[in-house]
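Peer 1: With the hints as your guide, set chain X onto chain A.
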Amino acid sequence: MTAAIETRNLSKEYGDVTAVEGLSLCVNRGEIYAFLGLNGAGKTTTIRMLLGMVKPTAGEVFVLGKEITGVGEKPWESVGYMVERPYAYAELTMRENLEAMCRLRPGTSKTAVERMIDLLDLRRYADRRFGTLSQGNKQRLGLAKALLHEPDLLILDEPANGLDPAGIVEIRSLLRELVIEQGVTIFMSSHILGEVARLVDYGVAGRIGIIHEGRLLQELDVAKLESHRRRRLEIRGRDMQAMQAVLAAAGFTAEAGLNGTIALGDERAITRPDVVAALLVSAGQAPTMLKVEEEDLEHYFLRLVGLDLENSL
Amino acid sequence: MNNLAQATWVELLKARRSRMPLITLLAFSLAPLAGGFFMWVLKDPEIARRMGMISLKAQIMAGSADWPTYLGVLAQAVAIGGIILFSLITSWVFGREWADHTINDLLALPTGRPAIVLAKFLLVVFWSAMLTFFIFLIGLGVGALTGLPQAPATLFQESAVRLAMTTGLTILLVTPIAFAASAGRGYLPPMGVAIMAVILAQLVAAAGWGDYFPWSIPALYSGVAGPAYGEVGTVSFLIVFLASLAGFVATFAWWEWADQAG
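Keeping their order, the protein sequence lines are chains A and X. When you line the first sequence up against our numbering, it's residues 1 to 313, in that order. When you line the second sequence up against our numbering, it's residues 1 to 262, in that order.
In case anyone wonders, no lab produced these hints; they're calculated from the structure. Ideal Cβ positions, reconstructed from N, Cα and C, are used throughout, including at glycine. Please note that the accuracy of each hint is not assured.
To be verified - Here's a subset of chain A near chain X, in silico, CB distances under 8 Å, partners left out: (1) Val17; (2) Leu51; (3) Met53; (4) Lys55; (5) Glu77; (6) Tyr81; (7) Tyr87; (8) Ala88; (9) Ala90; (10) Leu92; (11) Arg95; (12) Glu96; (13) Arg105.
Next comes chain A alone, as it looks inside the complex (with noise of 0.2 Å):
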């Protein structure tokens, strides 16, 4: 089976601007494929490229199969999509919006509507104007666009944008029914890898592709996020400066760690505490702290991108 998404050198520049160099990224069918990068990284035109938007300046775009660059058929009756905020026409109920989309994609079910409407949560709203409605129940509506027809493809650009915590958790499970109960393959944008790391944190196949100025820097499975975080023991005393002494005596590398700590990276450091905590006690150094931290996600895509913010974990 094709791969649902593939792209080969993939590259757009806008005058001098290059937004996106030599993007070659794969994505399997049924899996959550997570494009992860700061604002202004390229997400977006990367997006527009999959969806045709934006023609791009050398490279290929295959999305189920179907070449997107070229002029042969395109794959959209399969693909639901999403791209930067969701907007709508402001004088159509939030029916009629979902209506006009329906007839705009034929062959989708005529029980579709209001099946999206319950399915996300919207009956309350959905004889209400899109002009009046909340940023997070517009965003609700965009999902519910992209879902329509039952795509096997979802390409979502920051799904998790202007919905309450309540609304994330509820938008993340459903994602992940439908990866896997229906095996749809998402694409989603995001610049929060938290959030990502959530979404395939329940058994979903899952990778993260992470991209900065315009190139892809790193692609991981999540279930390796764990060893490409850095980790590093923490210890805090009465005298810092002779506890370092007797550390750095008995062979340890100590930097200065968060809030005044002192802070190991050596791996018997952080695999064996117990053993620091015996070194500083004989030595009359008893720490009255001692943890071992792990790098959240967030200093780690930091750290990935270059911009590691110093003495943060």
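Peer 2: Then chain X, alone, in the frame of chain A:
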């Protein structure tokens, strides 16, 4: 054309739900009402005397208070007002997709972009034609109320044909406006082009080359320059057709091939 009927239905729904049809009808209704007012002023010498300048102006614009003059005024109003109003409709139908950021939803659908563009053009034609039809009806009502002297039925038939032809020529000229709305991604660029076209049409016609400038031709055809000017020729019709064709092709090409970052 893939799914054209459904795309047209969607365009009609968007138009019906907006206030634009009502606004454009009210704006265009001014033409027969203003024409009727001048007829009324011209008909009554007493009022004409009291109105002073207005009477003079009405005489310059309209000549005498009769059906041929009044129907001529209507045709001229469609030719000049129509360019602005039909352009406004076109700017709204096309430019709104960028102004409201809804363009993204139309670009990767099983309903192809050509079907969506054609549906929009069909809506503009239908909308503009209906507006003209309504102002013709309103014009007949206003003319009758003003008490214009009776005229033969053939005059009304000829006027209806002239009005329809003027409307057709004016509608043909919306395609470059549609292109300006698409390439300019909003309402303002196409309206700027329309206003510029109307100003240029006046200047070019005043210079005597109106037969060769697309936006001057509907007005000249409607008889705005008076009987002394004569009829516009086949070359003028061809120029309007070619300008329309260029706008039509450019709009389709823009939707199909230009980068769309709505």
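Peer 1: Take the hints in turn and mark each one as holding or not.
Peer 2: Here's how the hints hold up against the structure:
A cut of 8 Å between beta carbons decides the hint on Val17/A: the least distance to chain X is about 13 Å, and the hint is violated. At its closest, the beta carbon of Leu51/A sits 4 Å from a beta carbon of chain X; the interface hint therefore holds under the 8 Å criterion. For Met53/A, the shortest C-beta to C-beta distance to chain X is roughly 5 Å, which falls under 8 Å, so the interface hint holds. With a least beta-carbon distance of about 6 Å to chain X, the hint placing Lys55/A at the interface is held under the 8 Å criterion.
This hint holds: Glu77/A has a C-beta 4 Å from the nearest C-beta of chain X, less than the 8 Å allowed. Restraint check, Tyr81/A versus chain X: the minimum CB separation of about 6 Å is within 8 Å; hint holds. Satisfaction of the interface hint for Tyr87/A is found here, the shortest Cβ-Cβ separation to chain X being roughly 4 Å, below the 8 Å cut-off. Annotation: Ala88/A was flagged as interfacial toward chain X, and the flag holds, the nearest CB pair being 7 Å apart, inside 8 Å.
Given hint, Ala90/A at the interface with chain X, holds; its Cβ is 7 Å from that chain's nearest Cβ, closer than 8 Å. Annotation: interface hint on Leu92/A holds; nearest CB of chain X at approximately 5 Å, less than 8 Å. Using the Cβ-Cβ criterion of 8 Å, the hint placing Arg95/A at the interface with chain X is not satisfied: the shortest such distance is roughly 12 Å. For Glu96/A, the shortest C-beta to C-beta distance to chain X is roughly 7 Å, which falls under 8 Å, so the interface hint holds.
With a least beta-carbon distance of about 6 Å to chain X, the hint placing Arg105/A at the interface is held under the 8 Å criterion.
Checked against the numbered hints above, the structure breaks hints 1, 11 and satisfies the rest.
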